[in-house]
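Protein chains in written order, with numbering that gives the first Met the number 0: chain A, 0 to 226; chain B, 0 to 395.
These aren't lab readings, by the way, just hints derived from the structure by calculation. Please note that a few of the clues may not be correct.
Said to hold, decoys possible - Covered by chain B, according to a simulated footprint, are these stretches of chain A (three or more residues, beta-carbon under 8 Å):
#, stretch
1, 48 to 60
2, 72 to 80
3, 89 to 103
4, 129 to 140
Here a beta-carbon is modelled for each residue, glycine too, at the ideal position from N, C-alpha and C.
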Amino acid sequence: MTAIVEVRDLARDYSMGSGAVHALRGVSFDVQDGEWVAIVGPSGCGKSTLLNLLGAVDTPDAGSLTIAGERIDRMRDTDATAFRLRRIGFVFQRFYLMPALSAAENVELPMAEAKVSREARRARVQELLGYVGLGARAGHRPSQLSGGEQQRVAIARALANRPALLLADEPTGELDAATGLEMIELFRRLNRDGTTIIVVTHDAQMAAAAGRRIQMRDGAIVSGDAP
Amino acid sequence: MPVRLALLALFRHPARTLLALLGIAVSAALLLDMVMLASGMRENFKGFLMLRGYQLRVAPKGTLPFDSDATIDSATALVAAISKLQGVIAVSPVLGAQVQTTAAGDSNVTAFTLGVIPDVQGDYEMIRGRDLTDSSSVVANERWLEATGHKLGDTVTLAIGYDPQLRTTVGARRFVVQGVARFYYIAATQPTLGMLLPTMQAMGGGARRDRVSLVMVKAADGVDAEVVRERIAAVSARISAISLEGATEAVEQRLGYFKQLALVLGSISLAVGVLLVTTLITISVNERAGEIAVLRAIGVAKGSIVWQVVMEGIVLTSVGAISGIGIGLITAQWLERILSDFPGLPTTFHFFVFQPRDAGIALAMLAAAGMLAGIYPAWRAASLPIAGTLRREAVA
Chain A
0 MTAIVEVRDL ARDYSMGSGA VHALRGVSFD VQDGEWVAIV GPSGCGKSTL
50 LNLLGAVDTP DAGSLTIAGE RIDRMRDTDA TAFRLRRIGF VFQRFYLMPA
100 LSAAENVELP MAEAKVSREA RRARVQELLG YVGLGARAGH RPSQLSGGEQ
150 QRVAIARALA NRPALLLADE PTGELDAATG LEMIELFRRL NRDGTTIIVV
200 THDAQMAAAA GRRIQMRDGA IVSGDAP
Chain B
0 MPVRLALLAL FRHPARTLLA LLGIAVSAAL LLDMVMLASG MRENFKGFLM
50 LRGYQLRVAP KGTLPFDSDA TIDSATALVA AISKLQGVIA VSPVLGAQVQ
100 TTAAGDSNVT AFTLGVIPDV QGDYEMIRGR DLTDSSSVVA NERWLEATGH
150 KLGDTVTLAI GYDPQLRTTV GARRFVVQGV ARFYYIAATQ PTLGMLLPTM
200 QAMGGGARRD RVSLVMVKAA DGVDAEVVRE RIAAVSARIS AISLEGATEA
250 VEQRLGYFKQ LALVLGSISL AVGVLLVTTL ITISVNERAG EIAVLRAIGV
300 AKGSIVWQVV MEGIVLTSVG AISGIGIGLI TAQWLERILS DFPGLPTTFH
350 FFVFQPRDAG IALAMLAAAG MLAGIYPAWR AASLPIAGTL RREAVA
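Pulled out of the complex, with its shape left as it was, chain A reads as follows (with noise of 0.2 Å):
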């Protein structure tokens, strides 16, 4: 296997009023392509701040990070836009979806953005809502869909455009057990078919159906892994 993820003494301060947080200090792991990676920790530890500079969506203040063969913790803001369409997929925990669109659309969103052609987008929404098991639920809002059924349409949306790495923060943090039970067997699924998924999760039952558990505190790694 290769790493899709590496990561190296990655920092991220915070200035707060008076002083500094660190947030992350000196953080280094790798993640091999197919793997399903859960990071764990208290609250504050620097999980989600991890999650946003794997995603492209923060820089770091030192260190490096490469994904899939590219380094993109110096990344222009136009360079590392088109690297989350392409190469990124997002989960979040309140799933937001955008509320006026439908299902189909909001799955159909970042393929229009990366211009995919319309018919290409059609098969594509049809073929992921089907592997989420919402091929009948297509053309309804959020609104009218259930909170498993919504996280279902992220992670729709979230593999539009064929990911290299697919990041979910809490994904079951706002389901109910049963329908976070089922969320994790999706997340199985997908890991078998070859999706590489990191995790940040408090669900401890999310982080044991991991292949691998990443321990943070304090915005340094405890425990998991080291490269």
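Once you've looked at the hints, dock chain B against the given chain A.
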């Protein structure tokens, strides 16, 4: 997709969007009225001067037609000389003077009277009765009939050169009111008569013999009127030859304050429209900060976000502006009625003239304003820090 998202964002708060559209429509209506006022006067004045196809006016040197009591002497020779010029197809000499008549109750009515040659005259159109036929016929406007109490077919005594001290007149003659006419260039409230030019020159005695106030000249189709104007100007040093453009410019200078008023009010309405749309879209962007951050996180480019927000502004202003055209046309009619009471204005003169081009200008200005209005909120939306906004949204 950005266009669809923009439209959907506007439909999210229908009542708020409707109120904003109403505000923009009012702003658009005012802007249209001001564009109509600014350009309409010029276009109307051109059409007004061209009612009978006379592109050129010849007046005493240094004056505009009927700007003073000055007249041109040796009119017969001048008219003959102009008629012979290459490119000239019609020449219409006109003499203007005040003519008195006695009305019922022994009061005097003073009428502005034009001496014309009926075959070539370009000053009036007949409403009823007959046009001038001989030296004892006159045509009058409705206002003169109303002021004197006379009617079509009446015989009246007209005199020129009334002396209010001595209550005497010069050259009194009897005429038959043969027709009722609408005089193009004279206010509807002004009692007005028309008679044959030689009759009027004769009534005035030596002071008006072979004199005219104005000569109207028609150039042939396809001939450059400016070239003809230069040829006329070369005929005599005692005259000024004025083209349509020259006359329009002179009038524009005199009515310049209307244009300034239009410019100021138009700019204010445009600014109000811009502020209204900017405020509304900024509020909308603030409400959708989380959604915008998510769009950015999943790879939607800043340009797409900017385009989406700017589209909201354009859609809002365009729909508002189209609705505003109807309101603008109604208010223009109302304002036209107020301004038409301005003393001394001919009935054929209009301040507000609707031209599709004006509506197009107003729409284009508003669309540009909509785009401008969208720039600030679009910049805000595109500049949102993605991670920070998502964190704030999660906490909220």
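**Request:** Tell me if chain B covers the stretch 72 to 80 of chain A under the three-residue, 8 Å CB rule, please?
**Result:** holds (count 3)
**Prompt:** Taking a Cβ-to-Cβ distance below 8 Å as contact, does the stretch 89 to 103 of chain A have at least three residues touching chain B?
**Reply:** Held - the stretch 89 to 103 of chain A has 9 residues with a Cβ nearer than 8 Å to chain B, which meets the minimum of three.
**Item:** Given coverage of the stretch 129 to 140 of chain A by chain B, tested with a Cβ cutoff of 8 Å and a minimum of 3 residues
**Value:** Not satisfied, violated; 0 residues make the cut.
**Given coverage of the stretch 48 to 60 of chain A by chain B, checked by CB-CB distance under 8 Å (3 or more)** = holds (count 5)
Against the hints set out earlier in the document, a violation occurs for number 4 only.
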